[in-house]
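Chemist: Chains as they are written, first to last, in the working numbering: chain A, 4 to 278; chain B, 1337 to 1712.
It cannot be assumed that every hint is accurate.
Claimed, not checked - Derived DSSO-like pairs (lysine-lysine); straight-line CA-CA distance at most 30 Å:
1. K189/A with K1443/B
2. K185/A with K1565/B
3. K1469/B with K167/A
4. K1415/B with K1339/B
5. K1550/B with K1565/B
6. K1469/B with K1516/B
7. K1415/B with K1469/B
8. K1652/B with K1638/B
9. K185/A with K1447/B
10. K219/A with K237/A
11. K1447/B with K189/A
12. K1652/B with K185/A
13. K1443/B with K185/A
14. K1605/B with K1652/B
15. K185/A with K1649/B
16. K1649/B with K1681/B
17. K1405/B with K1447/B
18. K1652/B with K189/A
19. K189/A with K1415/B
Just so you know, the hints here were simulated from the structure itself, not pulled from any lab data.
So the chains spell out like this:
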Amino acid sequence: MLRMKNKLLASPYIVWMILFILVPLGIVFYYAFTDSITGQFTFSNLSNMGAYLPIFLRSIWLSFFASVICLLIGYPVAYYIALCPPRKQRLLELLIMLPMCMSFLLRTLAWVAILEDTGILNSFFGVFGIGPLPLIRTNGAVILGMVYNYLPYMILPLYTVIMKIDPRLVEAAADLGCRPGKVFTKVILPLSAPGILSGVTMVFVPAVSTFYISQKLGGTGTTLIGDVIESQFKTAYNPNLGAAMSLVLMVLIFLCVSIMNHFGESDSEDGMVTV
Amino acid sequence: MSKELIRLTDLTMTFEDGETVLDNINLYINDQEFLTLLGPSGCGKTTTLRIIGGFLTPTSGSVLFNGNKINDVPSYQRKINTVFQRYALFPHLDVYDNIAFGLRIAKLPEKEIDDRVTDMLEIVSLRGFENRKITALSGGQQQRVAIARALVNRPQVLLLDEPLGALDLRLRKDMQNELKRIQQQMGITFIYVTHDQEEALTMSDTIVVMNKGKIQQIGTPEDIYNEPKNAFVADFIGESNILDGVMLDDFKVKFVGHVFECVDKGFQKNEPVDVVIRPEDVDIVPLEQGQLTGVVTGVTFKGVHYDTIVDFKGFKWLIQTTDYCPVDSHIGIRIEPDGIHIMHKSEYSGLYGDYSSYSAEYDEIAEVSEDAEDEE
C-alpha cells in the first residue's frame, strides 16, 4: 500500500518526464535515423560522424581540462569552507553561489570585454607598449570561460561531502600515527571521492555540450560540438545530422561519466554515500 | 606492576567560552594498570582522556609520560592509542585495512602486518571478517574492530572512551569480561572512561571518581564502595542512604535519635558527620529487637531482592532484603557496626541519599546515561 502511495508522489514528475524527456528523445532518435530530404530510414547521418571526430575530441578534452582546473581550485576552497564555523560557512556558500545568480550570457560577455583585443586587459597592457596579446579566440579563453561558469558546481558538492566527514576520523588517523599530510591522503581525500566524482560530473557534462562559451570566447579553431549542433539547426538546416550528433554526444557523455564512476568505485569501494 | 607511567600535575582546562572543565587534577597512573575515570556527564572525564591522548592541550599543568613532559607532543607521536566513542572506524576501508592502518603508517613489512592483524583478529574473535565492510558489521563487531585497530600497534597505553556505551546490556557484560581478559593478556595500561559505576567496579584496578572537573576520590573498587569520601561518591557508586549524624566519640555515632556502634574513629567529639548505610547492610528484625523502627512505604521486586522503602521519622531509607515486607507494615532494623560508614561533611552533604522520591530518582539515572552518550 505504502509503495503505491509513494509512486503516486512521483507521478507529476513521471508525466513530465514522459512528455518532455522521453518523447523528445524519441524524436531525436527518429531524426537521427532518417534522411533530411526523403525522410527515409538511413544510417548516413551517423556514418558521416567521422568527419566531426576532431571536434568531438576537442570538446571532451577542453571540458576535461576545465574540470581538472575546477577541481584544483575548488577542492582547497571547499575544504576551507567546511572547516569554518557554521555562520561563516553559510556566508561563504552564498558568495560562491552569487555568480550563479547572474545571467550566464552576461558572465560570458563580461569575459569578452576583458579579453578581447581592445578589451580591458589589452588596453592595460597597451599602456606599457605590450600587445595586443591574443587572449581571446584561444583554447585557453574557452577553458577559462568554462572554469568561471561551472566552478560553483564543483565547490558545492565537494563542500557538502567534506563537511560530512566525521572529525573523529581525523583524530583516529592522528591517533594511529598519521601526520597531518597523511591524514589528508589516507582519510580525507578517499572519503571526499564521492564529492570529487559528482563535482567533476557536474562540471564536465554541461561543459562538453556548451556552445555559447566557445562562440564568444573561442575562435574558428576552438569550435565545440555544441556549436556544430547549433549550426545544424540554425544555419545549415540539417536537423537530422544535428540530432545524430546529439545522440553521439549523449553516448559519449554516458561513457565518460560511467568510466569516472567506475574509477571512483574501485578506488574507494562501495559503502560510500554517493551524492 | 607498580611502575609509574603517566602523571597529571595541577591540570586545568578552561575552554574558550570561559568554562572550566578541569580544575586542578592530580593523578598518577601505573604501568599495566586498569584505571577508570568515572563520573556523570560533563564531569571532565572525557576531557582528561583527550588530554592524555593529545587531542587537547591543557590550559595549565603538565602531562608526564615516563617522566617526560608531553603537553605539546602531537597525538601521532604518542605511544598511546584510543578506542573512540562510537568507534570512529574508517568507512572507506574494510575490517582488515582498518586494523592494519596504524601498522601501514608505521611502514612495517607486509608480512609482519599480516601476522599481527591476523593475531589481533583472533584475539577479538573476528577471524573470517577480514574483508567485511565496516557498515556491514553489528555494533559489537565494530567495537571489537576498534579495539583491535588500537591494540595491534602494541601501545603502552590504551585509552577507551565509553567504548561499550552503544551496546545492549548482554553484549556489554560479555565485552567487559573480554576487555579485562585482553588487558591482562597483553599487559597494557588501560585508561577507561565511563559513567557506568557497575562497569567501573567490575573492571578496574583503580577508580577515579570525578565530578564538576574535580577528582572526588581515587581508590580500588572496594575502597570506593566501602569507604566513600563524600556524599557524592557514596551516592554515585551504588545505592546509599546518607543521613545526618553526630560523632559522639570514637566508634560511637548518633543518628535518627539512636546511638550506634561503628568502626570509625579519629573524628572530633560531637562533630557533625554524614552517615552512609548501604541498602544491603540493613537487617530486618522483629519490631521489639530493632535498633530503629519504621513503616514500609513501598516495595519493588528486583529479582534477587526486594527494594523496600522504609520511613524512619520522616526520612526514607532504601533497604535491599530478600524478606518480603508488605506496604504499611511496621518493622525493626539492626545495623552491624561495619555496616555504618562515617564521612566528614562536604559540599555535597544533604544533596543525596534521600529516597523520598525513589522512582523519580531512577528516571533521573536513566536520563543521565542517555546524556552521557552525547558527551564530547
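Chemist: Hinted pair, alpha-carbon criterion (30 Å max): K1447/B, K189/A. Please report holds or violated.
Modeler: Measuring from Cα to Cα gives roughly 21 Å; hence the hint holds.
Chemist: Does K1469/B lie within 30 Å of K1415/B when you go C-alpha to C-alpha?
Modeler: This hinted pair holds, its Cα atoms lying about 28 Å apart.
Chemist: Starting from K185/A, check that the Cα of K1565/B is at most 30 Å away, please.
Modeler: 47 Å, violated
Chemist: What's the verdict on K185/A and K1447/B, does the C-alpha distance respect the 30 Å limit or exceed it?
Modeler: 22 Å, holds
Chemist: Is K1652/B within 30 Å of K185/A, Cα to Cα?
Modeler: 60 Å, violated
Chemist: Hint check: K1405/B vs K1447/B, CA-CA at most 30 Å. Holds or violated?
Modeler: Not satisfied, since the Cα-Cα distance of roughly 35 Å exceeds 30 Å.
Chemist: Is the straight-line distance between the alpha-carbon of K1469/B and that of K1516/B 30 Å or less?
Modeler: 27 Å, holds
Chemist: Taking only the CA atoms, is the gap from K1649/B to K1681/B under or equal to 30 Å?
Modeler: 22 Å, holds
Chemist: Checking one constraint from the list: CA of K185/A to CA of K1649/B, max 30 Å. Satisfied?
Modeler: Since the Cα atoms of K185/A and K1649/B sit roughly 68 Å apart, the hinted pair is violated (cutoff 30 Å).
Chemist: Is the hinted pair K1550/B and K1565/B satisfied, with a Cα-Cα distance of at most 30 Å?
Modeler: 13 Å, holds
Chemist: Hey, K1605/B versus K1652/B, does the alpha-carbon distance stay inside 30 Å?
Modeler: OK: K1605/B and K1652/B at ~27 Å, within 30 Å.
Chemist: Taken at face value, is the distance from the CA of K185/A to the CA of K1443/B at most 30 Å?
Modeler: Satisfied, since the Cα-Cα distance of roughly 12 Å is no more than 30 Å.
Violated hints, listed in ascending order, are 2, 12, 15, 17, 18; each of the other numbered hints is respected by the structure.
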